[in-house]
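J.: Chain A is already provided as a structure; the job is to place chain B on it using the hints.
If you want the building blocks of each chain, they are given just below.
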Amino acid sequence: MAALPNLHEFDAASSADDVAPEGFAIRLPSAQLGDLIQINCLNRVRGAFRVSSEGRQGHLFFEGGQLIHADFGAVTGLDAVVQMLGWRGGAIEPCHAPWPPESSIDMGADALLLCAAQRLDEMPLRPSHGAEDLTTKVVRRVAITDQAGLDGAAGEPEIELRPSVVPAYAQLRQLQVAQLTFDGVVRQLKSGATLDLADTGFFSQRMAASIGEALGLGDCHAVFLDGPVEGVVVIKGRSVVATRGNKADLAFILSRLGLA
Amino acid sequence: MSASALRPLRDVPGVIGSFTCGALGELLACDMPERFARAAIETAAARLGNLLQSSDEALSEARGIALSFAEHQLHARRYAGGLLCVLTEKNPDREKMESASRGVLAALEA
Chain A
524 MAALPNLHEF DAASSADDVA PEGFAIRLPS AQLGDLIQIN CLNRVRGAFR
574 VSSEGRQGHL FFEGGQLIHA DFGAVTGLDA VVQMLGWRGG AIEPCHAPWP
624 PESSIDMGAD ALLLCAAQRL DEMPLRPSHG AEDLTTKVVR RVAITDQAGL
674 DGAAGEPEIE LRPSVVPAYA QLRQLQVAQL TFDGVVRQLK SGATLDLADT
724 GFFSQRMAAS IGEALGLGDC HAVFLDGPVE GVVVIKGRSV VATRGNKADL
774 AFILSRLGLA
Chain B
17 MSASALRPLR DVPGVIGSFT CGALGELLAC DMPERFARAA IETAAARLGN
67 LLQSSDEALS EARGIALSFA EHQLHARRYA GGLLCVLTEK NPDREKMESA
117 SRGVLAALEA
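Here the protein sequences line up with chains A and B, keeping their order. Position 224 of the first sequence, counted from 1, bears residue number 747 in our numbering, the numbering being contiguous throughout. Position 65 of the second sequence, counted from 1, bears residue number 81 in our numbering, the numbering being contiguous throughout.
Just so you know, the hints here were simulated from the structure itself, not pulled from any lab data. On a predicted model such as this, the values are computed, not experimentally measured, just so you know. Heads up, none of these hints are tricks.
Derived contacts from chain B toward chain A, CB cut-off under 8 Å, selection only:
hint, residue
1, Ala60
2, Leu67
3, Ser71
4, Ala74
5, His88
6, Leu90
Derived EDC-like pairs (lysine to aspartate or glutamate); straight-line CA-CA distance at most 16 Å:
hint, chain 1, residue 1, chain 2, residue 2
7, B, Lys106, A, Asp742
8, B, Lys106, B, Glu87
9, A, Lys770, B, Glu77
We put the CB at the ideal spot given by N, CA and C, even for glycine.
Bound-form chain A, shown alone (with noise of 0.2 Å):
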């Protein structure tokens, strides 16, 4: 998939009216939140989106390859993203949402999605609304400061992307999922992790780096320990993410990791 160009890129340049919005109109059956989060931090987009699903509304601001923030009403951080990764249709665009003075999220993209996949397991089951809304999502990647360019998309380009051009995150809940600090305090053991995670996670991560340290390599951001069924994949972004699991489930990991 071609990089796009981040969204503060589209505020300078629709600073002049003769210049038409860039970016196109996608529409992606049965596309997920999850997909779209992905998507934006591989891109390093910059920019706030809302999202809206039967009469409910949040945002996302995504900055430097990562999901910086999120609010749902008065929820916000990774509770809002929860909630939202749980509405099953609407709409997600770029708008004008005031940027947040701080972040509420301190976890990379691929930690984000694990936590918020496993708080999603533990949710109780919806209220059944009848038939499932499956409408289409649609994210519009379009000058956000040019009002006509958001109404008026219809006219844009469309295109399909495949299923297989993002990784079906809903893999992610098979896994078992321990978080920790930097200092090995642990946060959450998720999926039937056990402290056996979390000590695998810290003592790997803490090894990786002494050895990038002895080589001159610097930080070790990944490792993965193989085994012959199941594999330990250990994440070091603004926490230590460490997810076992079976190695067909990880093979999706690995790879945005370039590990595979």
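T.: Just chain B now, with coordinates in the frame of chain A:
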């Protein structure tokens, strides 16, 4: 053990160098660029051995480890005599590396 056994890995695009160490991390053979001091490689080898040994507690019979750094990767694979470690750039030719590693492992185990 001669470093010549490791030579096939040199021809793989993206591979910077390789070395092999015993189960406890003692360096057995080395085919790394000069900029990597032997002492540093020995230290790294010992720590890799330690890391793999400890990973057995999390995964029975761990076969190897891969470490990802900003611009490099370090792959360590177990074999009967110890560990084969390959230092690569960020995006090595994995297929060729796998093939070359198999050949080197066969030579090391012979």
